[in-house]
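J.: As given, the protein sequences belong to chains G and B, one line each in that order. Letter 42 of the first sequence, counting from 1, is numbered 49 in the numbering used here, and no numbers are missing. Letter 154 of the second sequence, counting from 1, is numbered 254 in the numbering used here, and no numbers are missing.
Honestly, the hints are just simulated from the structure, not real lab data. Accuracy of the hints is not assured; some may be wrong.
[Unchecked claim] Pulled a few chain B residues facing chain G out of the computed Cβ check, cut under 8 Å:
(1) Pro112
(2) Ser116
(3) Ala119
(4) Ala120
[What the hints assert, rightly or not] Between beta-carbon pairs, the in silico distance windows are:
(5) B:Pro187 / G:Asp33: 50 to 58 Å
(6) G:Asp139 / B:Ala380: 31 to 39 Å
(7) G:Asp33 / B:Pro168: 48 to 56 Å
Where a beta carbon is used, it is the ideal one built from N, C-alpha and C, also for glycine.
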Amino acid sequence: MRELLQRLSALDEDASAAVKIITYFDTLLRRKAGLEPFVRGAAVLSGWPAGFAHPLHQLWIRVDPSGNVAPAVEGVDVVREWPHLEFDDGSGALVWIERPGGSSANDMVTLERLSAGLRLTLERVSPVDLDDAGAVEILVSATSTDDSRRKAARRLRLPVDRPLRVVVAPPDEPMPDGMRSTLVESSLGTIRAGVAEPTTERWPARCGVGTATSLHGLPQSFAQALVAVRLVSRLSPVVHWDELGVLGPFLTAAEGTVGEHPDLERVAALAAEPWGLETLEALAATDSVRAAAQVLGLHHSTLQSRLTRMQRDLGFDVTAAHGRHRALVALSLHRLRTVRFAATQD
Amino acid sequence: MTLRNAAPLPAPPFDSESAAALALTVGTPSPLTADDIGERRRVEAGDAAAMTRHIEELGLVRVDEEIPVADGATITLSLVHRRDRIPTSPLIYYMHGGGMILGNRWSGADVFLEWIERYNAVVATVEYRLAPEHRFPVPQQDCYAGLRWLEDNAGRLGLTLETALLAGISAGGGLAASVAQMVRDANGPRLAGQLLLAPMLDDRVTRSARQFPSGIWNSTENELGWRSLLGDLYGSDDVPAYAAPARAERFDNLPPAFIEVGSAEVFRDEAVAYASDIWAAGGQAELHVWAGAFHGFQLFEHTTLARGARDAVRNWLDRALGYSGRD
């Protein structure tokens, strides 16, 4: 059985040893082992005592190659003589293998896997001092881990095993009771981000809503809601990403790739009139001038005079089917590029 | 019944640290089939040669005895002890594992080398004959004959059965349990204890015997082991208790038992039931079910789980032998 343990050890400096090391630490991580098994793994696989010091957390773990917990070393300076790796998070934490006379080919693989495993495990086992606002931010941030999202969801009393949606609203928009939200600095300026269960029927008066997703997908849902909220208007105050269909991903892709275009310039010119964009939207969304007038709450003849002017400025017929689609796409892309939110008093 | 096509049942997850070590031991064909037995025994013979060399290097005394058994054959029984053994050195009679079809008397010897070192014990390890060439009752009778030979020669060897323990791993644990019942039924010597590590006790398919279709000593291999041992008796109601100790009608007057098993192995349910049967009959048993332990988890000595199990065995031995082992 001692031979078996030796066969586990990665003393041989070939590629299969690196695979062993990676497999070992990945399995520990996947099965949510504690901190000590990671350090023990480094010791057993290298055949030398291994250690982990995290002064901020007051953690000092040292294990010998048989798996016994060994006395802690005094201070961290002494360990710098051995192969070691400092965490790159500025915490001053470091891991090491007490191999005399320099590191072996696989020591750096071991130390990298060890430190990565320890960092993720530390995050998992550490208590979080979160307020609701911070928890929402963790949920929608693309840099959060799934573990931290789970903790944040629990903090907000949101289900961790059912889909959720992200809702984005202008910063001054009141949220319905019970919807967890916070102000978030985004590429659009300050917006209000909330997280809701998919069964929710009560939305803010003006908002964009992302698709329903597992915790892992919430940053994606957030990105979708950031697109949808820019399409919000008086005529369509709540925009669901799901209902945009292929227009959603199309607009997202086009936002950065379509350069200047005459249609966009013409729509931008319409925005000079306070009624311009709304009128265009009504015309694009209905199939007759009469229906559009009804949507806008205008007399038919008032709209007819606006239409005459608009047709001239746009250079195409916005009452024909093709023209309506053309106008809708241009209007949507225009809003996507121009709608921004400024910080307001909360 | 065929387990291979059965839908997978939910099963306890493996201990994380043991699973990480297990993930590195790929390469052994699984499940083992009857065709693999010859090759596996050849590998084990090589391991045995290395182990006997190791024992020599440790400076231990080893004496091989040829002992007669019931059918006129002879089998080998080796006695191993330190040079400085003392008159009161306890006897531990060891039966190796291997599902009744594999292994030799040096399989798992690391375990008993520790007892020799810590307790200055004299270990007797027996080369019982294996199934399927030798079906029940041959392996059981060989093990029993070994014990009676030790009893007959105790004076010459400077041993007493009064403080002797039976010990076995896996199939060896089942054989140790059988020997304990045979000795009791024959009004033989009263032994000081039986150490049953992940013992193979029951040919009937328990819930845990269905739960592990893959891995070390899985459901398929367990069936192979029992079929090899029992031949035509397999699956019938006529399997005697000496073949499958869990089938005993009486569990009274057995030596105090230490039973160790993993929650994630085939032998879990029969080990738990065996302890319960001993208690119900007024006997003494100590049962350890290690959470997330698979069959053979003790091999990964560095894990916290294996270290806990090792400490539990040491603690029981301290009590069963009446003195604490030395580190």
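J.: Could you tell me which of the numbered hints above are not met by this structure, giving the numbers in increasing order?
T.: 1, 6
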